[in-house]
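Keeping their order, the protein sequence lines are chains S and W. In this text, residue positions in the first sequence follow the working numbering: the first is 1, and each later residue adds one. In this text, residue positions in the second sequence follow the working numbering: the first is 1, and each later residue adds one.
Keep in mind that the hints were calculated from the coordinates and are not lab data. A hint or two may mislead.
[Said to hold, decoys possible] Dumping the calculated DSS-like pairs for lysine-lysine here, alpha-carbon to alpha-carbon at most 27 angstroms:
| hint | chain 1 | residue 1 | chain 2 | residue 2 |
| --- | --- | --- | --- | --- |
| 1 | S | Lys48 | W | Lys188 |
| 2 | S | Lys48 | W | Lys6 |
| 3 | S | Lys48 | W | Lys74 |
| 4 | S | Lys342 | W | Lys133 |
[Unchecked claim] So these bits of chain W aren't anywhere near chain S, every CB distance computed over 12 angstroms:
| hint | residue |
| --- | --- |
| 5 | Glu23 |
| 6 | Ser150 |
| 7 | Arg206 |
A quick note: this is a predicted structure, and the numbers were derived from the prediction, not measured. The beta-carbon is built from N, C-alpha and C at its ideal position, and this holds for glycine as well.
Residues per chain, in single letters:
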Amino acid sequence: MHEIWRELSANQQDFLIFLSLVLPVVVVAFAVSFRFAPYAVVRSIFIKNFTVNIVFVAVIATSIAISVALIIQERAVREVTANAVNKFDLIVAPSGSEITQMLKVVFLQPLKTNLLDGNTLNEIKDHPNVTMAAPLAFGDNWNGYPIIGTTNEFLNHLYGTKDIIYFNGLWDGIAGVGVGLEAGRSIMPSHGLAGVQQRDNDLMAEHADDINITQVAPVTGTPWDGAILVTIESVWVVHGLPDGHVGNDIDKPNDMQLGHPFDPVSFPGTSAVIVKTKKLYDLYNVREDFNSDGLMAFFPGNILSRLHAVLGDVRALFSVLSTITQFLVSLSIILGISVFAKLLRHRFALLQALGAPRRFVLAVMWWYGATIIISGTILGTLVGFISTGIVSGYVSELVGLRVQGVILWEELHLIGGFLGITSLAILVPAIMESQRPIVAGLREN
Amino acid sequence: MKCYAKDLVVRNADDEVIVSVDELAVDTGGTTSISGPSGSGKTTLLYCLSGLIKPDEGVVNWEEHNVTTMAGNKLNKFRRENIGFIFQSPFLFDELDPLSNVTIHSAFNTNLSKEAVNEKAKELLDLFKVPLKGRKTASVLSGGEKQRLSMARGLVNNPKIILADEPTASLDKKNSKILMDCLLSYHKDYSPTLVVVSHDSSVLSRFTNNLSLNQRREADA
């Protein structure tokens, strides 16, 4: 049996788990209503106190929606942040906070950090295991969208080789898809990190030089979709700094050398270097070699994992709270249905006086409760999913991440478990109601 | 179906006798009325005859079926297949249409086909002059129509026994007469054994056999 289970695909296993969770609903439904048709009576009960029943459905729907939305949103944020960090195997930056550097480099948060010099960049570039050492320069923005200086090799790394995205000249700019700029537009960068209030009045607020948007980058689903990438040399030049090379003529921007090799003497500095190696395990050697005084090399994936672990703990807490809430909601609804059943006793007694078996009363009561619970669960799942979409849109706008929530097996298992347990729990008031004395019921009213 | 009840005694929780009947016999297809003042135990006796209440002493036999010892599913089955109940109040499912109220039997009576029940229901509603057209729910019917609808519901299973508990109590004279005419007309056509509880003299006058329960209690049964 164990072997057969292991041979099944993950989807098949999830499907079978889901089936086993909802199996009690099917079994109980079949068992209580075998050879009966209690639906007309159930319909009449549902209509009889429509408002109360709708409130029952709404309470269940709300509880399910919150649980589903929480799970979907948490997973979506986890996945999208993991995707964002995917292109940043190793970051070398001036020593400080790894989290700050990760937020600045990967998530483009407007945080101030120190700079690395040209010798360090060249050392990294010349490391035998390194295949890419891409410097990044932050500092300007356009209408709040960060402008980031970098090199063609980083463009190739970030966007892949499918779409050929590159800088041809000093003033070329690549607009992220979320910026809303089209190729052919010119922009004037403003000084200062996006979101950081400019305090230095001596600094020129706007640069006279225009950046020409030559291409729009493909979607990455990361905050970089909301950035404008320019040559790192142009970032330095607009700040009145050397361009990092010897012999470049600023008046011939399309004939200038761009990217490596940089001259360490005329190199103004870089916020961080993104490193790629030949083999995965080489990253560890590089990290060892550049974790020295004044430098730090770190895997942003590790930092994110730690954040995810914290997020996971919070989510586990939410799961427990959500389970307790669902339990309490179910209990309240079942108690509510039990109390409401008092008003139906005369009808049940009448049916039994006409010859309906006790199991028929049980079937009516169970189907009545199950209708409320199933309706609430389906509605809650839909509301949870839709609200996730709305929240995702908000989060996407807030942090620049392309958060998309989808319903997966995890939610279906939660829903299936809820249905399975409540379908059994609803049997309790149904059995109690079916066992009440008929004559007492007939005399109630 | 022939009824024979003997030495029936029903006591309340305080052990006071609330019903005491030495003998009640109704022939197959016969009719009888049970009369008496409020609180004399008429309804309790009717429930005894149907097996809904077990007497403390005595026996109720419907031919070879002793409903005083019968219990559970067997008793339900006996009631479902043989007894048609008509109550003092219509006790309808107001949210359902008139036809669905009458055919409610087919929801639990597995021996009856839905089509047969539907056909019978329409026939009874026609016979009892309950209009279907334009009546989306039973709640829109008049009091007399509701009671006749309730009677049709009790008879849709072609019962061999009809037990009617003050069927005209909630009706005016005109509707009371219509209902009794319908009931007796049905009895004439199908000849079930008919037991009617009533304290209405106009109803009782239509029965030749009568059992009078004269003992009056403080509390109504």
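Pair hint Lys48/S and Lys6/W, alpha-carbon separation not exceeding 27 angstroms = violated (43 angstroms)
Would you say Arg206/W is clear of chain S, with no C-beta pair closer than or equal to 12 angstroms?
-> holds (24 angstroms)
12 angstroms cut-off, C-beta based - Glu23/W kept clear of every residue in chain S | Per Cβ check, Glu23/W is outside 12 angstroms of chain S; nearest 23 angstroms; holds.
Taking the closest pair, is the beta carbon of Ser150/W still more than 12 angstroms from chain S?
-> Contrary to the label, Ser150/W does not stay out of reach of chain S, its closest Cβ about 10 angstroms off (not over 12 angstroms).
Pair hint Lys342/S and Lys133/W, alpha-carbon separation not exceeding 27 angstroms | Violated: Lys342/S and Lys133/W sit about 33 angstroms apart, past 27 angstroms.
Lys48/S paired with Lys74/W [C-alpha distance capped at 27 angstroms] | violated (32 angstroms)
Does the structure keep Lys48/S and Lys188/W at a Cα separation of 27 angstroms or less?
-> With Cα atoms ~38 angstroms apart, Lys48/S and Lys188/W exceed 27 angstroms; violated.
This entry does not satisfy hints 1, 2, 3, 4 and 6, going by the numbered hints stated previously.
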